[in-house]
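Given next are the chains, with one letter for each unit.
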Amino acid sequence: MNPQHLNASSLKSRFTRRFLRALTKINAQKPISSSSPREIFQRYGRIKAAADKSMANSVRSRRTWSRAMLWKLRSRSYRQASSGRRSAVKTSTTTSHQAIRKKTNHEKENKPTKTGEDQVGFVVQADELRELVPGGEAMDLCNLLDETAHYIKCLTTQVQVMKKIVDFYSL
Amino acid sequence: MATRSNGTASDRGEVEVLESLQFTDEIQHLMSAPTTDNAGFFTALLELPAPQAVQLLHSPESAKLIAAPVPNVEDFKGSFHFPSNSGLIERAARFSVFAGEGNNNTKKSNSPETTSNISSANLEKAVKSEPAESESSQPLVSDPTVEKRSIKRKDREKKVKESKKKSKTAANESSEDAEKLPYVHVRARRGQATDSHSLAERARREKINARMKLLQELVPGCNKISGTALVLDEIINHVQSLQHQVEFLSMRLAAVNPRIDFNLDSIFTAESGSIIDCNFPSMVMPMMWPEVQVNGNRQQYQQQWHFDALQQPVWGREEVCNNYITPENSLLSYDSSTNSVTLHSNQLKMEL
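Residue numbers (the UniProt record's numbering), protein chains in the order written: chain H, 1 to 171; chain A, 1 to 352.
Keep in mind the hints are simulated off the structure, nothing from the lab. Glycine included, C-beta positions come from ideal geometry on N, C-alpha and C. Among the hints, erroneous ones may be present.
What the hints assert, rightly or not - Simulated restraints, written as ranges between beta carbons of each label pair: (1) Thr156(H) - Glu201(A): 27 to 37 Å; (2) Ser198(A) - Ser77(H): 42 to 52 Å; (3) Val124(H) - Leu214(A): 41 to 51 Å; (4) Asp195(A) - Ala81(H): 52 to 62 Å; (5) Glu131(H) - Ser196(A): 27 to 37 Å; (6) Gln42(H) - Glu217(A): 19 to 29 Å; (7) Asp195(A) - Asn7(H): 14 to 24 Å; (8) Asp195(A) - Gln80(H): 48 to 58 Å.
Using the sequences and the hints, build the whole thing.
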């Protein structure tokens with residue numbers, strides 16, 4: 001082990017802190033006897049959401065993908081929490097969904113006219129990438145590549161930290 | 001060929017007049033030579049006022065840029081010397097219209113029609129980008145005369161701005177400049193349109209290419225692949241695999257830690273030292289779930305975790321707890337009833 005001083009506010013440490021806090025919260029809520037696969041699956045969903053949320057919060061709103069991810073998570077939690085007010089919440093979320101979809105359709109209409117000029121044949125991959133990267137639907141290729149690079153970086157830190165935690169727990 | 005002295009700084013005007021006279025003589029001399037390119041080049045030059053044309057050909061930076069291939073570069077630095085038509089063509093081919101203080105671009109006013117094709121939009125762009133470029137360009141020449149010429153060059157460049165270029169170095173360097181500069185000015189290559197729309201498109205494409213290069217460095221194994229479509233495929237695969245890894249790890253976490261908890265405060269108060277980057281020392285027992293190996297192989301994950309996640313509850317947690325406690329009670333003061341593990345936290349602190 002080489003003791004290196006880690007930057008206290010690096011992405012990794014921020015993510016680790018938040019994720020561990022979220023984990024303890026989750027563990028505190030459902031203490032034990034989660035032996036049924038369904039409960040495990042529920043915990044899995046919560047942990048995954050916690051991981052994504054803590055990652056997106058570590059990035060704040062500096063990136064489009066983090067904003068989109070936070071928005072998605074929050075809308076999902078609102079929907080789960082307030083079933084009574086579901087109609088009201090849904091309308092707001094659906095309208096914003098529609099706004100994004102309209103924008104992407106508009107862009108897609110523009111794309112066939114422009115493909116001869118710019119996007120030299122990787123429109124298909126660009127669309128796939130848009131599906132993968134959260135918030136990627138409403139971005140042009142240039143920003144999409146930017147966001148992808150940052151997203152990859154954050155995903156790798158997330159995977160590293162979670163691997164360490166899992167290794168730690170499993171031993 | 002008449003060789004001229006460069007003239008002192010004070011006698012700039014007179015010398016330029018003198019040089020211009022001799023220049024026109026030599027140009028006419030060269031015009032008699034049967035070379036079409038040269039003819040085009042020189043008529044283009046002749047369209048310019050003479051002193052400015054002199055500065056075009058006089059520039060010592062172009063001499064420095066050309067370096068090896070033209071041997072009489074050093075002569076050219078101060079004297080106006082036409083060794084051969086081919087030499088001049090080479091120099092002209094690399095001559096930079098963007099002459100700031102020691103420009104790094106080379107330009108060539110290759111054909112007469114290009115000088116007349118210059119749109120005003122490009123001129124404005126060029127003039128504004130030129131001071132910025134002069135900052136970003138590497139100073140090739142420390143000749144003081146260059147600085148004096150640059151002022152006059154700005155006027156001249158307005159006219160010769162959007163000429164078509166042959167040299168690839170110009171294109172490459174202009175692409176770099178287009179990246180650095182706030183003002184988008186891209187050099188048009190030979191045979192390509194020079195209107196503002198295609199220029200903007202070209203700048204955009206270069207931005208995209210630069211970002212693709214960054215992505216290639218991020219994604220392991222992308223450097224060897226050529227072709228943007230394949231690289232994008234690789235990037236997509238990488239993102240998918242990372243997302244699957246996150247899912248798999250969270251599933252493992254969900255299965256693993258119903259009991260284990262740790263004291264966060266002690267960890268984060270003393271957060272320093274060896275943290276995540278260090279390897280986890282194998283100071284504990286081997287894993288409980290030997291099948292589930294974190295080996296980064298996505299397909300193995302997908303096949304295995306279904307099986308394991310369902311099996312783990314069957315094994316029984318108490319069994320696991322006992323296995324934890326017996327060999328490791330020095331490390332883990334683990335208690336199934338309580339939820340805080342202090343030594344655990346120390347270990348985690350070292351890990352994280």
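Looking only at beta-carbon atoms, does the pair Val124(H), Leu214(A) fall within the given range of 41 to 51 Å? About 22 Å separates the Cβ atoms of Val124(H) and Leu214(A), which means 41 to 51 Å is violated.
Could one say that the CB atoms of Asp195(A) and Ala81(H) fall in the range 52 to 62 Å? Holds, since Asp195(A) and Ala81(H) (Cβ atoms, about 56 Å apart) stay within the stated range.
Could one say that the CB atoms of Asp195(A) and Asn7(H) fall in the range 14 to 24 Å? Since the Cβ atoms of Asp195(A) and Asn7(H) sit about 48 Å apart, the hinted range of 14 to 24 Å is violated.
Holds or violated: 48 to 58 Å for the Cβ distance of Asp195(A) and Gln80(H)? Holds, at about 54 Å.
Does the Cβ pair Glu131(H), Ser196(A) satisfy 27 to 37 Å? The hinted range 27 to 37 Å holds for Glu131(H) and Ser196(A), with Cβ atoms some 34 Å apart.
Do the beta carbons of Ser198(A) and Ser77(H) sit within 42 to 52 Å of each other? holds (48 Å)
Taking the beta carbons of Gln42(H) and Glu217(A), is their distance inside 19 to 29 Å? violated (39 Å)
Check the following: the C-beta atoms of Thr156(H) and Glu201(A) are separated by a distance inside 27 to 37 Å. holds (33 Å)
The structure does not agree with the numbered hints 3, 6 and 7 stated previously, though it agrees with the rest.
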